[in-house]
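There are 2 protein chains.
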Amino acid sequence: MHPADHVAIVANDGGLPAGTVLPAGMPGAGLILLDAVPQGHKVALCDLPAGAEVRRYNVPIGTARTAIQAGRWVHEKLLDMPGARALTGLPMATQPAPVAAALTGRTFMGFRNADGSVGTRNLLAITATVQCVAGVVAQAVRRIERELLPQFPNVDGVVGLEHSYGCGVAIDAPDAIIPIRTLRHISLNPNFGCEVLVVSLGCEKLQPSRLLPPGSFPIRDGRSAEDGPDTVCLQDAAHIGFMSMLDDIVERARPVLARLNARRREPVPVSELVVGVQCGGSDAFSGVTANPAVGHAADLLVRAGATVMFSENTEVRDAVEQLTSRAASVAVAEAIVRELGWYDRYLERGRVDRSANTTPGNKAGGLSNIVEKAMGSIIKSGSSAISHVLAPGEKLRRDQRGLVFAATPASDFICGTLQLAAGMNLHVFTTGRGTPYGLAECPVIKVATRSELARRWHDLMDLNAGRIADGEQTIEQAGEALFELMLAVASGERTWAEQHQLHNALVLFNPAPVT
Amino acid sequence: MHPADHVAIVANDGGLPAGTVLPAGMPGAGLILLDAVPQGHKVALCDLPAGAEVRRYNVPIGTARTAIQAGRWVHEKLLDMPGARALTGLPMATQPAPVAAALTGRTFMGFRNADGSVGTRNLLAITATVQCVAGVVAQAVRRIERELLPQFPNVDGVVGLEHSYGCGVAIDAPDAIIPIRTLRHISLNPNFGCEVLVVSLGCEKLQPSRLLPPGSFPIRDGRSAEDGPDTVCLQDAAHIGFMSMLDDIVERARPVLARLNARRREPVPVSELVVGVQCGGSDAFSGVTANPAVGHAADLLVRAGATVMFSENTEVRDAVEQLTSRAASVAVAEAIVRELGWYDRYLERGRVDRSANTTPGNKAGGLSNIVEKAMGSIIKSGSSAISHVLAPGEKLRRDQRGLVFAATPASDFICGTLQLAAGMNLHVFTTGRGTPYGLAECPVIKVATRSELARRWHDLMDLNAGRIADGEQTIEQAGEALFELMLAVASGERTWAEQHQLHNALVLFNPAPVT
Ligand SMILES: [Ca+2]
Ligand SMILES: [Ca+2]
Ligand SMILES: [Ca+2]
Ligand SMILES: [Ca+2]
Ligand SMILES: [Ca+2]
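If you read the protein sequences in the order shown, they are chains A and B.
Residues 1 to 515 in UniProt numbering are what the first sequence spells out, letter by letter.
Residues 1 to 515 in UniProt numbering are what the second sequence spells out, letter by letter.
These aren't lab readings, by the way, just hints derived from the structure by calculation.
Fair warning: this is a prediction, and the values are worked out from it, not measured in the lab.
Some clues are possibly wrong.
[As the list claims (entries may be wrong)] To be clear about the criterion: a stretch of chain B counts as covered by chain A if any three or more of its residues have a C-beta under 8 Å from a C-beta of chain A, and this derived list gives those stretches:
| # | stretch |
| --- | --- |
| 1 | 13 to 22 |
| 2 | 80 to 92 |
| 3 | 97 to 108 |
| 4 | 123 to 136 |
| 5 | 410 to 420 |
| 6 | 433 to 441 |
| 7 | 494 to 501 |
Backbone N, C-alpha and C define an ideal beta-carbon position, used for all residues, glycine too.
Next up, chain A with everything else stripped away, as it sits in the complex (with noise of 0.2 Å):
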């Protein structure tokens, strides 16, 4: 905590009992608790008058709505939270780190792709272009499995890039081009080996030639660019029933798993990492012991060349100011400011702020509000300066390394989602309130933000940051331990949920209406 800070957070397992005096050496020695406090939850430091601001973080998380007493349990109906920052008259890159001692010599073992990127799965993927193709894809995929990939061991799975997008969305909407450009760069995922094979029915609004028009992918089996990806169409004239259409995906499959197959991992720089870090099931440890745990893993990740992608506008709202003064530049700090805007309109338009993000898991866990949570969530950033700023669904250029603000909604699948799209080859997970988030895309590390998380799902959670609460381990030793897995994993290592095949749906992030 900071010094400054109102409120401690009590780390003890079942919370503490009131009359409880607070041990010396901690925040708030010798003061005795006057309510009992639950686990993760916050105590006042000193006495509060109302309308006093109380600070943690060193950030104001809120005004106390009525007198507090040093010793109560500050909940979430004793503040009232603060208005959101205005967009304007912010410090634009004022501070941005100073770039750290480069870290050298470390590497994983990946898969090379045409383009440049690196795989640390090696997977065939079946883009659908429209949801009405996602049953006979499912049928094509457990043959795929079945019939196919015994044949050939180097390749670790078949995922069928199923979504729900169809003819309803309005497909020349101002805002279409958002899920459009997801669908076309998750397909060019680098855990997919720049290989494309694609589903269409036909008749849909999204063709594949406007999905992947020419030039947005490399093309590996010669043909020619202008014939667009390779495609069964099953509106084809040649498919005659349901078989046929079976058939022919599993034979257009055979050809891609033999040159997926012929790949090799072999020793790659750390620095061909692009990792996404999030948080799903907040608690109050999450801003003290998981998160930091990444935002230091994220600083060493940074400084071995490697791309750290964070997101979740709502969750990064209130720490806009952070933000723009981290920013590497004017420029970069002015690409923060139009995201958030263009998402503060955006739920402008459905009459909500960003207030709707907490739930009453976060609130158990005892975060207060949005800020409070937003305060704890950004620490998975690092310390690194902003070096770019991708807006929904955009992809990363192999140029873009560093930290990298990628503006997506906080909801855990469509975030995922969109760093998926943004090229993300590893996907780094904290979670205090416990979820089995996994998906078939990509490998993700799940970081339990307390010990008895992590004890009681022994087998989801990848790694226990709750260590730091128990003093067993420092935020730096932490971080390390996370990015020795994150190297372990990238390197073939099966995560937990990899290893129960626990996959979330891909949710796609359309504002449009549909029609």
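Use these hints to put chain B with the ligands onto chain A, whose structure you have.
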């Protein structure tokens, strides 16, 4: 076609070449084609000066952009679309159809439910409160299928009700009630036997008690309504590890399966059918073969006391005058205006209008614009008076029978999902271009508009309405054949989509923003 129409449709496979003389006994007999006209496309029957109204279905489908000679191909580039009819000054309940003679004595073999509804399938459904649990539910479904289903042979299957809803949806936004009530009502679909089994994460915004509050469903297993639905909560402290979560879901499913397995099909009157009709991948034949056949079958169902839902707001918008005049009462007409007006404003917020509905496939199939598409689409509703209107996600009451306008987007998956929520136990889907649509929750009868498609997709199309265009069947005969097929499928005969296990996703209509 209507005698006042200015255009006729070329029915022939492969279309007709320029120079063809239209045969005797047909509209435009003796006319020489000045262009090649593709199958399903329109030919001008008379000279149309620039700016003239062009009528089909006896309504203006547009105005001639330039002078069009008799015999020319009338494609979408030659027509300007008329503006949308204002929602004021409409004829309100001026022409409700007279009540037709009751059709009595017909039954099907269905599963009677505790709430009075009737299932056409006997399915175990597992409700998910949030996308977070989807990976775990999918693994549980696989184990239940493998380990339990063989012991319960009267149960047709187990369905995980996966959806994309998550904490990202702004739950207090004015429109967020739509996805919430949709999920609630899908769990209560008649094909799930009034059994509710919920898998919850624990920290989600949409808590089980908010999704399924006391009174929203009948309790079957002796628990008190205040306990809420039978729920496996993954974050329960009792769950030590992933396997204990799976074991818990599997064990909780066992008594539900036993209750479902004890049920038997019994003869029930046709009045217990709740049929949702929809079209997708439409062509110019949709409005002259499949949709009129569905309309005739809809009239038979209504005469038998059953419920028929038609939907697809953007595809009825241009027929609003027909709808309000056919309403059974002024209140029903006002509800139609309310729903279509709400939808107009929803589209406006996203800066599109109803014309965003048409697809390249529609146009290639001969549908020039949404007006022409709408006139062909609405024929599915038959000729009965419209007796009720449902807002998106609402569930039919037991006393809401007859022809119902269930207001939904036209997107096949969103419309199907909302019709499931409304209580659909049988789905009829017409297609011209062809789509392999299917749902895990409800049988889908697919009706082809053309014989060529029915021949090519012989094991995907359940009925060929193309026989009408071929002169082999009248609309009435095709409608009667569809009516008989509906009774057979409702009684357990499996559709092609069921035989191939083709399952499209549930797609929620969420007009609220995501955070
Ligand atoms: Ca988060
Ligand atoms: Ca998140
Ligand atoms: Ca339609
Ligand atoms: Ca439709
Ligand atoms: Ca799915």
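How the hints compare with the structure:
1. 13 to 22: violated (count 0)
2. 80 to 92: violated (count 0)
3. 97 to 108: violated (count 0)
4. 123 to 136: Satisfied; 6 residues make the cut.
5. 410 to 420: Check passed, 5 qualifying residues.
6. 433 to 441: Per the Cβ count (6), the hint holds.
7. 494 to 501: holds (count 4)
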